[in-house]
Amino acid sequence: MSLEPFLSVIIPYAGGSLAIPLGGLRAQGLDPDRFELILVEDGEHGAEGLLRRFALEFEVRVLVYRRDGFTGHSAGPMRNLGAGVARGSVLVFLDSDCLLSRDCLRRHLELASAGGETVICGGMRELPVIRQHLLERASYEELSRASVPDPRSLGHEPSRERPAHWEDFYSGNASVPGSLFRRVGGFDESGHRCHDMDLGYRLALAGARFVYAPDCEVLHVEHPRVAATRVEQARGWRHLAEKHPELSGFAEDR
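Residue 250 in this note's numbering sits at position 250 of the sequence shown, and the numbers go up by one each step.
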């Protein structure tokens, strides 16, 4: 199988430790010349200085997103900013609180190499807050066993990719052909927390084929959430229904 596509890995960053994503990227079983990292800061969080602590062989670029009066969840515009300078033919979207399995990027690359307008929805297991003491001393395999299964994988054969639905698209671990991403207009920048679903639906309208790949896995390091987050997500679903009235009933159920 050809591994010709080049990956642009885009991660929004709002402060905190970079050890989780960079440790996983550094351990990838993939030639470091096959991908770049674009780290997009929400303001000034000292990413340049933090990066000097890591011996990284792949190219890293740091961008700073200036809010300039913007309110709401900034992940959408931050990811768009990174995509705007990406030089890869395939865009890989990850979160800064996700630890990559060793084969994560290799699987994104292999699946993208099949060609066509294919969107890869990678697996995302959840590492509960109460088990995060394992992060400093456990292997990825041990952490995965201590984590909660991805709900999208339940009822299906483990580690086997399958056709997916646009609602399976989560930008914590997903890849999209750059040309397709630009054609549909990228992420919604209204600041709602359903920007993933919004993009996923527009990709589906554009004829994209969705593949759920559980072996293209990351561990999402869970963090306490507040009720305001759920309220923001509800607003996001309403926003999606306003943009696409045919989804009104679907969005109301969510």
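If you're looking for bench data, these hints aren't it; they were derived computationally from the structure. Note that the coordinates shown come from a computational prediction; the quantities given were computed from them, not determined experimentally. Where a beta carbon is used, it is the ideal one built from N, C-alpha and C, also for glycine. Hints should not be assumed to be uniformly reliable.
Using C-beta positions, here's what the derived DEER-type ranges look like [to be verified]:
id : residue 1 : residue 2 : range
1  : R238      : R209      : 36 to 42 Å
2  : S248      : R53       : 45 to 51 Å
3  : R182      : F70       : 18 to 24 Å
Results of checking the hints against the structure:
no., hint, result
1, R238 to R209: 36 to 42 Å, "28 Å, violated"
2, S248 to R53: 45 to 51 Å, "49 Å, holds"
3, R182 to F70: 18 to 24 Å, "22 Å, holds"
Going down the numbered hints, you'll see the structure goes against just number 1.
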